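K.L.:
Position 326, counted from 1, in the sequence shown is what this note's numbering calls 394; the numbers after and before it change by one each time, with no gaps.
Among the clues, some could well be false.
30 angstroms max Cα-Cα, derived BS3-like pairs, lysine-lysine [stated by the list, open to error]:
#	residue 1	residue 2
1	K145	K156
2	K182	K196
3	K253	K145
4	K212	K196
5	K155	K196
6	K196	K144
7	K212	K145
8	K156	K196
9	K156	K212
10	K253	K144
11	K145	K196
12	K156	K253
13	K155	K190
14	K156	K144
15	K190	K156
16	K145	K190
17	K155	K145
18	K182	K212
19	K182	K253
20	K253	K212
21	K155	K182
22	K155	K144
23	K145	K182
24	K190	K212
25	K182	K156
26	K182	K144
27	K212	K144
28	K196	K253
None of these hints come from the bench; they were simulated from the model. Computed from a predicted model, the values in this text were never measured in an experiment.
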Amino acid sequence: PGSAMAAKVVLAVAAAIMVEQANSFCFGSLPSFMAKSRVFDVHWYPQRLRGGVNAVANNQEALSEDIMETVLATAKKAAFSAGEAMKKGLGADVKKTKASKKDLLTEIDPICQKIIEDEVLKQFPLHKFLGEESVDPGSAASSKALSELISSEWLWVVDPIDGTTNFAQGMPMSVISIGVAHRGKPVVGVILDPFRDELFHAKLSCGAFLNGQRIVCGSESAVEDSVIVAGSPTNLRSIAPSLRGINALMPHCRSIRMLGSAALHLAWIACGRLTAYFEPDLNSWDTAAGAVILREAGGRLTDLEGSDYQLTTRAMLASNGKTHQGILQRLQDAHVRGLDDPEKVVGKISFPDVSVDSE
Numbered sequence: 069p070g071s072a073m074a075a076k077v078v079l080a081v082a083a084a085i086m087v088e089q090a091n092s093f094c095f096g097s098l099p100s101f102m103a104k105s106r107v108f109d110v111h112w113y114p115q116r117l118r119g120g121v122n123a124v125a126n127n128q129e130a131l132s133e134d135i136m137e138t139v140l141a142t143a144k145k146a147a148f149s150a151g152e153a154m155k156k157g158l159g160a161d162v163k164k165t166k167a168s169k170k171d172l173l174t175e176i177d178p179i180c181q182k183i184i185e186d187e188v189l190k191q192f193p194l195h196k197f198l199g200e201e202s203v204d205p206g207s208a209a210s211s212k213a214l215s216e217l218i219s220s221e222w223l224w225v226v227d228p229i230d231g232t233t234n235f236a237q238g239m240p241m242s243v244i245s246i247g248v249a250h251r252g253k254p255v256v257g258v259i260l261d262p263f264r265d266e267l268f269h270a271k272l273s274c275g276a277f278l279n280g281q282r283i284v285c286g287s288e289s290a291v292e293d294s295v296i297v298a299g300s301p302t303n304l305r306s307i308a309p310s311l312r313g314i315n316a317l318m319p320h321c322r323s324i325r326m327l328g329s330a331a332l333h334l335a336w337i338a339c340g341r342l343t344a345y346f347e348p349d350l351n352s353w354d355t356a357a358g359a360v361i362l363r364e365a366g367g368r369l370t371d372l373e374g375s376d377y378q379l380t381t382r383a384m385l386a387s388n389g390k391t392h393q394g395i396l397q398r399l400q401d402a403h404v405r406g407l408d409d410p411e412k413v414v415g416k417i418s419f420p421d422v423s424v425d426s427e
């Protein structure tokens with residue numbers, strides 16, 4: 069009995085040290101008010117720091133507190149600088165279309181990207197940078213660009229204006245999305261909504277925050293209580309599976325919305341405003357930042373086959389976690405697993421005078 073008790077004491081002390089070290093990595097010296105926060109909840113700790121302590125130990129040199137804090141601070145600074153340009157340019161004229169007439173570019177998009185890239189490379193001249201406006205249109209081009217850079221030690225994955233159609237129409241529902249990957253794994257995410265002055269941020273194993281306050285996903289566990297958001301895709305091969313998904317889910321959930329910004333969708337799931345989001349085809353710059361924020365808020369991201377999200381994932385379901393399997397099953401039953409075969413698109417939905425090969 070005595071040795072058993074001693075073993076329990078040793079384990080308890082070791083666990084306390086691990087929590088202290090993990091929180092020190094995330095926050096530095098903790099203020100007194102955090103003594104009662106969920107970071108010390110024994111039931112919450114294993115889920116929130118799942119793999120986090122080991123990740124810190126295994127990558128302590130590469131992912132030191134100093135480098136992570138500097139990366140996060142740089143991402144925030146870049147986002148705020150670009151956000152000023154966004155606010156001044158709301159409603160900017162469409163400069164050109166890209167992959168299709170639905171895929172827009174305004175004069176403000178490249179301006180915002182240059183502001184962000186200049187700030188990043190000033191601080192980290194050896195880091196790699198993948199921005200939407202530097203890549204040719206279409207899913208093949210974006211996948212190729214990512215594959216060439218994903219093995220980099222540090223990779224910044226940036227959408228300077230996510231929700232360009234909203235932006236061009238003068239609707240203040242677009243954001244700046246800055247994700248940072250270390251050896252192919254997203255570890256820092258910053259999403260700025262300059263029109264609501266809302267900054268979402270997270271770093272690996274340290275929780276998610278909105279304007280400095282910790283956020284967690286909503287608690288709903290049933291599909292019927294869920295508010296789900298669907299994409300309004302520019303890729304014509306994505307339209308049919310998107311509509312099948314809406315048709316499959318609408319009778320069984322509280323409501324479905326289309327808001328027009330993938331990064332905003334992920335941020336709003338992370339803070340409980342939405343329950344889930346699905347889309348058959350997304351680019352890495354749409355999801356890199358939001359994936360970190362949502363996971364750190366307790367959510368779940370997979371592809372539409374159910375495999376865990378990676379930076380290369382294009383067909384995606386994101387959720388608060390508790391509703392994930394129920395929503396995924398309904399999508400799979402409706403054959404929503406990714407892009408439709410281009411040979412089958414025309415038979416399902418009519419696109420007059422439009423090539424189904426457009427992206």
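K.L.:
Please flag the earlier hints that this structure goes against, numbers listed from lowest up.
P.N.:
Going through the list in order, the structure violates hints 9 and 12 and respects the others.
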